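Residues per chain are reported as follows:
2 protein chains.
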Amino acid sequence: MTDPLPTGATIGILGGGQLGRMLSVAASRLGFRTHIYEPGANPPAAHVAHRVTTAAYDDLAALAAFAASVDVITYEFENIPTAALDVLEASHPIRPNRRALAVSQDRIAEKDFLTGLGLTCAPYAAVNSLDDLHQAIARIGTPAILKTTRLGYDGKGQARLKTPADADAALAAMHGAPAVLEGFIDFSHEVSVIAARGLDGSVACYDPGENVHKDGILSTTTIPARLSPSQRTDAILLAARILNALDYVGVMGVELFVTRAGLIVNEIAPRVHNSGHWTQNGCAVDQFEQHIRAVAGWPLGDGSRHADVVMENLIGDDILRVPAIAREKNAALHLYGKAEARPGRKMGHVNRIVK
Amino acid sequence: MTDPLPTGATIGILGGGQLGRMLSVAASRLGFRTHIYEPGANPPAAHVAHRVTTAAYDDLAALAAFAASVDVITYEFENIPTAALDVLEASHPIRPNRRALAVSQDRIAEKDFLTGLGLTCAPYAAVNSLDDLHQAIARIGTPAILKTTRLGYDGKGQARLKTPADADAALAAMHGAPAVLEGFIDFSHEVSVIAARGLDGSVACYDPGENVHKDGILSTTTIPARLSPSQRTDAILLAARILNALDYVGVMGVELFVTRAGLIVNEIAPRVHNSGHWTQNGCAVDQFEQHIRAVAGWPLGDGSRHADVVMENLIGDDILRVPAIAREKNAALHLYGKAEARPGRKMGHVNRIVK
Numbered sequence: 001m002t003d004p005l006p007t008g009a010t011i012g013i014l015g016g017g018q019l020g021r022m023l024s025v026a027a028s029r030l031g032f033r034t035h036i037y038e039p040g041a042n043p044p045a046a047h048v049a050h051r052v053t054t055a056a057y058d059d060l061a062a063l064a065a066f067a068a069s070v071d072v073i074t075y076e077f078e079n080i081p082t083a084a085l086d087v088l089e090a091s092h093p094i095r096p097n098r099r100a101l102a103v104s105q106d107r108i109a110e111k112d113f114l115t116g117l118g119l120t121c122a123p124y125a126a127v128n129s130l131d132d133l134h135q136a137i138a139r140i141g142t143p144a145i146l147k148t149t150r151l152g153y154d155g156k157g158q159a160r161l162k163t164p165a166d167a168d169a170a171l172a173a174m175h176g177a178p179a180v181l182e183g184f185i186d187f188s189h190e191v192s193v194i195a196a197r198g199l200d201g202s203v204a205c206y207d208p209g210e211n212v213h214k215d216g217i218l219s220t221t222t223i224p225a226r227l228s229p230s231q232r233t234d235a236i237l238l239a240a241r242i243l244n245a246l247d248y249v250g251v252m253g254v255e256l257f258v259t260r261a262g263l264i265v266n267e268i269a270p271r272v273h274n275s276g277h278w279t280q281n282g283c284a285v286d287q288f289e290q291h292i293r294a295v296a297g298w299p300l301g302d303g304s305r306h307a308d309v310v311m312e313n314l315i316g317d318d319i320l321r322v323p324a325i326a327r328e329k330n331a332a333l334h335l336y337g338k339a340e341a342r343p344g345r346k347m348g349h350v351n352r353i354v355k
Numbered sequence: 001m002t003d004p005l006p007t008g009a010t011i012g013i014l015g016g017g018q019l020g021r022m023l024s025v026a027a028s029r030l031g032f033r034t035h036i037y038e039p040g041a042n043p044p045a046a047h048v049a050h051r052v053t054t055a056a057y058d059d060l061a062a063l064a065a066f067a068a069s070v071d072v073i074t075y076e077f078e079n080i081p082t083a084a085l086d087v088l089e090a091s092h093p094i095r096p097n098r099r100a101l102a103v104s105q106d107r108i109a110e111k112d113f114l115t116g117l118g119l120t121c122a123p124y125a126a127v128n129s130l131d132d133l134h135q136a137i138a139r140i141g142t143p144a145i146l147k148t149t150r151l152g153y154d155g156k157g158q159a160r161l162k163t164p165a166d167a168d169a170a171l172a173a174m175h176g177a178p179a180v181l182e183g184f185i186d187f188s189h190e191v192s193v194i195a196a197r198g199l200d201g202s203v204a205c206y207d208p209g210e211n212v213h214k215d216g217i218l219s220t221t222t223i224p225a226r227l228s229p230s231q232r233t234d235a236i237l238l239a240a241r242i243l244n245a246l247d248y249v250g251v252m253g254v255e256l257f258v259t260r261a262g263l264i265v266n267e268i269a270p271r272v273h274n275s276g277h278w279t280q281n282g283c284a285v286d287q288f289e290q291h292i293r294a295v296a297g298w299p300l301g302d303g304s305r306h307a308d309v310v311m312e313n314l315i316g317d318d319i320l321r322v323p324a325i326a327r328e329k330n331a332a333l334h335l336y337g338k339a340e341a342r343p344g345r346k347m348g349h350v351n352r353i354v355k
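The listed protein sequences derive, respectively, from chains A and B. The letter at position 130 of the first sequence is residue 130 when you use the UniProt record's numbering, and the numbering goes up by one with no holes. The letter at position 66 of the second sequence is residue 66 when you use the UniProt record's numbering, and the numbering goes up by one with no holes.
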C-alpha cells in the first residue's frame, strides 16, 4: 500500500493502553475505524474503539484474524514478540517498521545504532556477568546505572550504582537478564523531540518540550523548552537523521540530555510519546493524529504550535485532584478511564494552556 | 443524582450521528464510557463508543435495557418520541430536561416561550388551514416562510412565500402537518451563542460565532462574530435567561439575528450545536465536553478562548477536498466516518485556527 488510506478504512493497533486510546480518538477525526489487539481485559482503548480483540501475543490464530480485518497495523508499545510480528506482517504492513522495533527493543542495539549515526549517547557497556560489570565500571566509572537490555520502562528493571561496591546488588537486580551499564551524564535538563516521518519521506517535528521526571516517571513537559536557537535546530536535525536512517513511518519520541558539550541522546521510542501529549491542546494536528496520518500514508501536519502548554501527568493518587483541576481555567483534562489508581500508574494528564 | 458522576460511569446518548460521536470522544477525556442508542445501523458514534444499542425508539424493552445500563441519559437530537422519554426517565434523569425538549420540539411552543420571556422573535402565526394562512399573510406580509411546527431541519419541511400567490403551493408542501408562518427579518448577519448551564445553576457561554448558511445549511462559523461590546453582552445575557427559565442542564445553541432594532431569536436547540464545533480547537473545554460536564454534574469550563477559529462544514462532495485540506497549515479536520457522501449530508468539518 502506497496510496493514502481512504476514510472508512480500519487501522489495527497493537496495545490497548492510553496511547492506543488516544490514537483511536485521533483516527476517528480522520474518519478511520480502529481495531485494538490487547491481551488484558477491558483496556482503556476499548472505550473508544470500533473493535477489540482480547487475546495473547502468542495466539497466532487471533493475530491472523486481527490482521485480516484491518488495512494497516501500528502499535502503542515496542515490546511485541517477533513471532507475532511475523504473522501480522504476512498480510499487512507494520508501521513503524521492524527495524525500528528491533533497534528500540534492545538498549545495546539502540546505542550502537545511534552512535553509528555519529550521535552521542552516554558511555555504555554490555554486562552479562560480574566480570563484565567490573570491567565496565573500570571504564565508565560511578555513579552509573545498570539496566536490562530489553523490556523495562518507567524506572523498572534498573539499578543505580553509587560506588563500585554496589556492583553485586545491581547485578542481582537484573535477575540474570542481559544488561547494559550506562554512565551518568552531567546535564542541565532533559528535552524531547516528537518527530514524524511520512510514507513519502517528509519529516515534521514539534517544538521540543522540556521534561521533568519524578521517581523515574515523566511528571511534566513544558513547551517551549529552554534551548538556544542552535540547540533547537540541532535537536530537530538529529531527530530527522534518526528517522531517515530507519526509513521510519510514524511518530517517534527522542529524549535528549542538554549538556555543555551538546545534546546527548538518552533514548528513542518508536511510537507516540508521553512527552508529546501537550500537542493535543497546542497544535491543529496532535501527535496521535500525526502518527495516524503517517501510517495511513496521508500528508503530515507541519507541527506548528498555536499555544504554549504545560503537560502534567496524573499518576496514582493524583487522580484525586481531578475535581480541583476541573475548576481551573484553561486546563484540559485527559483521563484514561482506568478503574484502579495504583501507585506509579498513569491515570491521565492535564494540558494547561499558558498562552 | 446530584453528586458529580465518578470517572468510569456510563453516559447514555440517544442518537448516534456526528454529535453523538463527538460527545462520546469528549466523554472519554473525562474517563466516562458511553452507550449509544440509535435505530440506524453502523452510526458514526458507534466507532468511538463503548456500547451501541441498535433499536427503534418504540422498542420499549430495548429502551428499558439501555436505561438500566447507564448512569445518566442525554441526547444529540431533540425529536425523541414522548413514549420513549417516559420509559427512560423512569430509571434515570434525562438532561437537558423534558421541558427543554417540549419547547424545542414545537416551533410555536418555542416562540411562545421565548416571547413570554420578553425576547423578540420574528412575527409568527399558527397555520392549520388555507384560511389561517391567508389571515397570517395579511398580518405578517410577504416574503415569509412556512414551516412545519415539528421536525424539519437544515431547510427541510419549509416553503418560502415570495408573494401571497405562493400560499397554495406552500401549504401543499406541509403535507397536512400543522405549520407556522414566520415573517422575514431584515438582519445584517446571524450569530449564535453556545451556552451551558450546570447542575448547580452556573452558566458559561462561549464567545458568539458568526454563521453563514448556504442552501439552508450552516456553511461557516467565524469566531469572533461582528458584534459591538453591548451586543455581545446582550447575546450572552439573553442566552442565560433562556437557560435559567428552563432550569436547563447541558449545552444549548441559541441562533440570533443581528438587526438595527437589536437581537432577534431565530431558534434554540437543546443540544450541542453545529455552530459550536469551533470550540474543539479554540478552547480548553469544547462544547462537547462542556455538555458532558453539565449532564455529569461536573463544574463547567469557563468558555474562554485561546485561539480564533473559522469552522467550515464539509457537505456532500466537499469531502473530495479533504486531501487538499489535509495539507493546509493550522487546519484541524474532523470527519464523521460516513460511508456515503449524499448531497446536503454533513460529512465532516474543518476548524482553521487563525491566531
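Quick caveat, the hints were computed from the structure, so don't treat them as lab data. In this text, all values refer to a predicted model and were calculated from it rather than measured experimentally. It is possible that part of the hints are untrue.
Which bits of chain B does chain A cover? Going by a derived footprint, with three or more residues having C-beta under 8 Å, they are [claimed, not checked]: (1) 86-94; (2) 214-223; (3) 319-326.
Per label pair, the in silico range of CB-to-CB distance [claimed, not checked]: (4) 8(B) / 141(A): 44 to 50 Å; (5) 214(B) / 185(A): 31 to 37 Å; (6) 230(A) / 77(B): 52 to 58 Å; (7) 51(B) / 328(A): 28 to 34 Å; (8) 77(B) / 228(A): 53 to 59 Å.
Each residue gets a CB set at the ideal place from its N, CA and C atoms; glycine is no exception.
Hint by hint, here is what the structure shows:
1. 86-94: The restraint on the stretch 86-94 of chain B is violated, since only 0 of its residues have a Cβ under 8 Å from chain A and three are required.
2. 214-223: violated (count 0)
3. 319-326: Per the Cβ count (4), the hint holds.
4. 8(B) / 141(A): 44 to 50 Å: Because 49 Å falls inside the window, the suggested range holds.
5. 214(B) / 185(A): 31 to 37 Å: Given range 31 to 37 Å: violated, Cβ gap about 59 Å.
6. 230(A) / 77(B): 52 to 58 Å: 55 Å, holds
7. 51(B) / 328(A): 28 to 34 Å: For residue 328(A) against residue 51(B), whose Cβ atoms are near 31 Å apart, the range 28 to 34 Å holds.
8. 77(B) / 228(A): 53 to 59 Å: 54 Å, holds
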